[in-house]
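**Student:** Taken in sequence, the protein lines are chains H and Y.
Here the first sequence stands for residues 37 to 308, where the numbers follow the numbering used here.
Here the second sequence stands for residues 37 to 308, where the numbers follow the numbering used here.
Among these hints, one or two may not hold up.
[Claimed, not checked] Non-contacting residues of chain H with respect to chain Y, defined by C-beta distances greater than 12 Å in every case (computed): (1) Thr91; (2) Gln101; (3) Ile102; (4) Asp104; (5) Gln106; (6) Gly121; (7) Arg165; (8) Arg238; (9) Ala255; (10) Pro276.
[Unchecked claim] These stretches of chain Y come out as covered by chain H in the derived footprint (C-beta under 8 Å, 3 or more residues): (11) 96-103; (12) 115-129; (13) 132-138; (14) 160-168; (15) 227-238.
Hints in this document: simulated from the structure, not taken from any laboratory.
Predicted model only: the values in this text are computed from it and were never measured.
We put the beta carbon where it would ideally sit given N, CA and C, even for glycine.
2 protein chains.
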Amino acid sequence: MAGKKKAAARRRGRGLTHDDLMTAAARIDPELRRRSELLWDDRTLPTRGPKPAVTPDDVVQAAIQIADRQGLSALTMQAVAATIGFTAMAIYRYFPSKDALYDAIVDVGMGRPPRPTEPRGDWRAEVARWAHAKRAMLCARPWLAELPFVAAPHGPNWLGWLEALTVPLSTTGLSPADIGQMISIIDGYTRGASDTSISLARARARGESDASWAAAVGADLGRAIGDPRFPRFAAVLTAPSDGQPRTMEESFDFGLERVLDGIEHYVRASVA
Amino acid sequence: MAGKKKAAARRRGRGLTHDDLMTAAARIDPELRRRSELLWDDRTLPTRGPKPAVTPDDVVQAAIQIADRQGLSALTMQAVAATIGFTAMAIYRYFPSKDALYDAIVDVGMGRPPRPTEPRGDWRAEVARWAHAKRAMLCARPWLAELPFVAAPHGPNWLGWLEALTVPLSTTGLSPADIGQMISIIDGYTRGASDTSISLARARARGESDASWAAAVGADLGRAIGDPRFPRFAAVLTAPSDGQPRTMEESFDFGLERVLDGIEHYVRASVA
DNA sequence: GTCTCTTAGTTTACGTCATACACAGTACGA
DNA sequence: TCGTACTGTGTATGACGTAAACTAAGAGAC
Numbered sequence: 037m038a039g040k041k042k043a044a045a046r047r048r049g050r051g052l053t054h055d056d057l058m059t060a061a062a063r064i065d066p067e068l069r070r071r072s073e074l075l076w077d078d079r080t081l082p083t084r085g086p087k088p089a090v091t092p093d094d095v096v097q098a099a100i101q102i103a104d105r106q107g108l109s110a111l112t113m114q115a116v117a118a119t120i121g122f123t124a125m126a127i128y129r130y131f132p133s134k135d136a137l138y139d140a141i142v143d144v145g146m147g148r149p150p151r152p153t154e155p156r157g158d159w160r161a162e163v164a165r166w167a168h169a170k171r172a173m174l175c176a177r178p179w180l181a182e183l184p185f186v187a188a189p190h191g192p193n194w195l196g197w198l199e200a201l202t203v204p205l206s207t208t209g210l211s212p213a214d215i216g217q218m219i220s221i222i223d224g225y226t227r228g229a230s231d232t233s234i235s236l237a238r239a240r241a242r243g244e245s246d247a248s249w250a251a252a253v254g255a256d257l258g259r260a261i262g263d264p265r266f267p268r269f270a271a272v273l274t275a276p277s278d279g280q281p282r283t284m285e286e287s288f289d290f291g292l293e294r295v296l297d298g299i300e301h302y303v304r305a306s307v308a
Numbered sequence: 037m038a039g040k041k042k043a044a045a046r047r048r049g050r051g052l053t054h055d056d057l058m059t060a061a062a063r064i065d066p067e068l069r070r071r072s073e074l075l076w077d078d079r080t081l082p083t084r085g086p087k088p089a090v091t092p093d094d095v096v097q098a099a100i101q102i103a104d105r106q107g108l109s110a111l112t113m114q115a116v117a118a119t120i121g122f123t124a125m126a127i128y129r130y131f132p133s134k135d136a137l138y139d140a141i142v143d144v145g146m147g148r149p150p151r152p153t154e155p156r157g158d159w160r161a162e163v164a165r166w167a168h169a170k171r172a173m174l175c176a177r178p179w180l181a182e183l184p185f186v187a188a189p190h191g192p193n194w195l196g197w198l199e200a201l202t203v204p205l206s207t208t209g210l211s212p213a214d215i216g217q218m219i220s221i222i223d224g225y226t227r228g229a230s231d232t233s234i235s236l237a238r239a240r241a242r243g244e245s246d247a248s249w250a251a252a253v254g255a256d257l258g259r260a261i262g263d264p265r266f267p268r269f270a271a272v273l274t275a276p277s278d279g280q281p282r283t284m285e286e287s288f289d290f291g292l293e294r295v296l297d298g299i300e301h302y303v304r305a306s307v308a
């Protein structure tokens with residue numbers, strides 16, 4: 037490994053390198069490292085002893101099924117074990133802790149990203165396709181957004197989604213550093229602007245009707261109407277909806293187009 | 037109350053009205069309604085019986101203090117009670133459930149929004165000020181982002197933040213319905229794009245060093261480098277950083293300007 | 001002033017959770 | 001064949017949210 041001075045110089049001039057990251061990785065908390073390795077390393081089965089009755093992936097699938105059907109609060113080690121036909125403690129032969137299991141279901145639960153088609157010139161359409169896919173994925177598994185994302189180990193599917201977004205952005209002619217910025221913008225908007233839909237999806241998964249969810253949200257927002265502290269927001273709430281009502285998906289789409297307008301403006305100013 | 041036909045016609049033509057929302061509110065789940073009322077109604081103390089030793093706000097402050105100092109997982113009824121000098125069960129005299137306490141600390145924890153200055157023409161600067169304030173708030177209390185936001189009752193501070201954002205947007209000349217869209221975009225971007233910083237803030241609150249957080253994140257992202265499945269994203273990771281390195285705050289700011297560019301473009305096309 | 005009834009906080013208890021530890025049964029490699 | 005490494009189980013522990021029954025406090029009725 038290069039000396040400290042060299043490494044620092046490299047960092048200043050060239051940004052994050054493989055060596056830099058691996059150097060950092062050496063200092064990682066052992067438990068986190070273990071959790072991360074579980075996501076990446078092919079597990080080589082020991083030859084001695086009884087054969088495991090199931091695979092780690094069976095455990096993950098059972099856990100995901102429970103979260104999908106009954107929500108994150110129903111996801112207990114006992115419930116996972118019962119689904120498989122084990123006692124709770126047997127799960128610990130597959131994952132060292134519940135957090136490690138969470139890591140696995142986050143990555144597997146995200147699923148494969150939309151297939152990164154080869155660059156075809158229309159980066160806006162490709163990025164929009166990606167954003168819709170991500171939004172749909174988050175709504176299909178609303179429990180994903182309940183887990184603290186970024187600190188958890190990022191698995192192959194996670195990076196796969198980022199790669200799939202990078203592909204169309206690479207055709208814009210932006211510098212790699214700028215592309216990194218655009219990834220933050222698009223992913224940030226997609227996640228943040230999907231929150232309301234995710235909340236609705238969560239209510240649905242709990243077996244509640246759309247109407248009861250709307251009632252709860254409407255009742256709270258409705259407090260603004262007539263309250264002298266929130267005059268302008270009340271005006272927004274009671275505004276006519278300009279023609280046909282917008283679904284949440286259309287709303288998301290409209291906002292995405294504004295965000296992409298902003299990005300396109302930058303691309304034009306920056307590449308030309 | 038007006039007949040069903042009239043109400044439906046009104047809804048189609050005029051968007052969400054006070055009556056509509058209040059009608060919906062009548063159908064709300066009783067427990068949620070109770071939780072919501074706790075956030076809004078002035079609590080009138082009974083005259084009979086012993087005086088309560090503390091106020092509900094004392095309980096909320098104790099809970100917030102624990103979450104701030106030790107994170108959400110340390111926030112137990114026993115811990116809150118111990119801070120006050122009670123046993124756990126006494127807390128239930130102030131809040132009917134832990135979820136109701138969560139509602140309260142979410143709203144109080146958000147704090148007052150930045151003061152909505154009277155419209156001064158520069159809506160971009162005002163909106164940016166709002167976004168920075170919201171981001172700073174979320175980073176100062178990273179446990180807020182761990183709670184499922186939207187489904188919980190929205191209290192006065194929550195609406196206050198929305199009002200504060202609506203004020204500068206109202207000076208753009210956009211229709212109220214369009215302003216509602218812009219609110220979604222800006223709030224969505226702000227929340228989503230702050231996630232990484234919030235995660236770092238959470239690590240700090242746990243007493244971890246910035247370096248160890250960076251090591252964990254770097255180790256995971258670093259797996260992309262050299263992996264044939266993520267060639268383009270790896271290129272982004274290893275890219276030179278074009279001059280001085282950007283802090284996360286500068287990154288957020290850069291993205292916000294792109295988003296505001298997109299909104300401004302729409303304003304110009306739509307108002308002119 | 002005494003009695004009564006409402007309310008505040010405590011005690012005890014229950015069911016559930018993650019998980020530690022010791023064990024029993026299993027099947028490969030020697 | 002035997003030892004040993006491994007799988008899944010049984011049992012236990014301490015923490016959690018909260019239900020129910022309790023004790024004690026204090027204002028109004030007489």
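**Student:** Please go over all the hints and tell whether each is borne out by the structure.
**Tutor:** Verification of the hints:
With a closest Cβ-Cβ approach of about 22 Å to chain Y, H:Thr91 is found to remain outside the 12 Å limit, as its non-interface label requires. With a least beta-carbon separation of about 21 Å from chain Y, H:Gln101 lies farther than 12 Å from that chain, consistent with its non-interface assignment. Against chain Y, the non-interface label of H:Ile102 holds: every CB pair exceeds 12 Å, the least being about 18 Å. Distance to chain Y confirms H:Asp104 as a non-interface residue, since its nearest Cβ pair spans about 16 Å, more than 12 Å.
At the 12 Å boundary, the C-beta of H:Gln106 stays outside the reach of chain Y, the nearest C-beta of that chain being 15 Å off. For H:Gly121, the non-interface assignment is confirmed: its Cβ lies about 31 Å from the closest Cβ of chain Y, beyond the 12 Å cut-off. Remark: the non-interface label on H:Arg165 is consistent with the geometry, its nearest Cβ contact in chain Y lying 16 Å away (cut-off 12 Å). Listed as a non-interface residue, H:Arg238 fails to keep its Cβ farther than 12 Å from every Cβ of chain Y; the least gap is roughly 7 Å.
The Cβ of H:Ala255 sits about 3 Å from the closest Cβ of chain Y, inside the 12 Å cut-off, so the non-interface label is violated. Not every CB of chain Y lies more than 12 Å from the CB of H:Pro276, the least distance being 5 Å, so the non-interface label is violated. Remark: the stretch 96-103 of chain Y is not confirmed as covered by chain H, as 0 of its residues place a Cβ nearer than 8 Å to a Cβ of that chain, below the required three. Evaluation of the coverage hint for the stretch 115-129 of chain Y: breached, as 0 residues show C-beta separations to chain H shorter than 8 Å, against a requirement of three.
For the stretch 132-138 of chain Y, the stated coverage by chain H is violated: 0 residues have a C-beta nearer than 8 Å to a C-beta of that chain, whereas at least 3 were required. Chain H is given as covering the stretch 160-168 of chain Y, and this is violated because 0 residues of the stretch bring a CB closer than 8 Å to a CB of that chain, at least three being needed. Counting residues of the stretch 227-238 of chain Y whose CB lies closer than 8 Å to any CB of chain H gives 9, so the stated coverage by that chain holds, three being the minimum.
This entry does not satisfy hints 8, 9, 10, 11, 12, 13, 14, going by the numbered hints stated previously.
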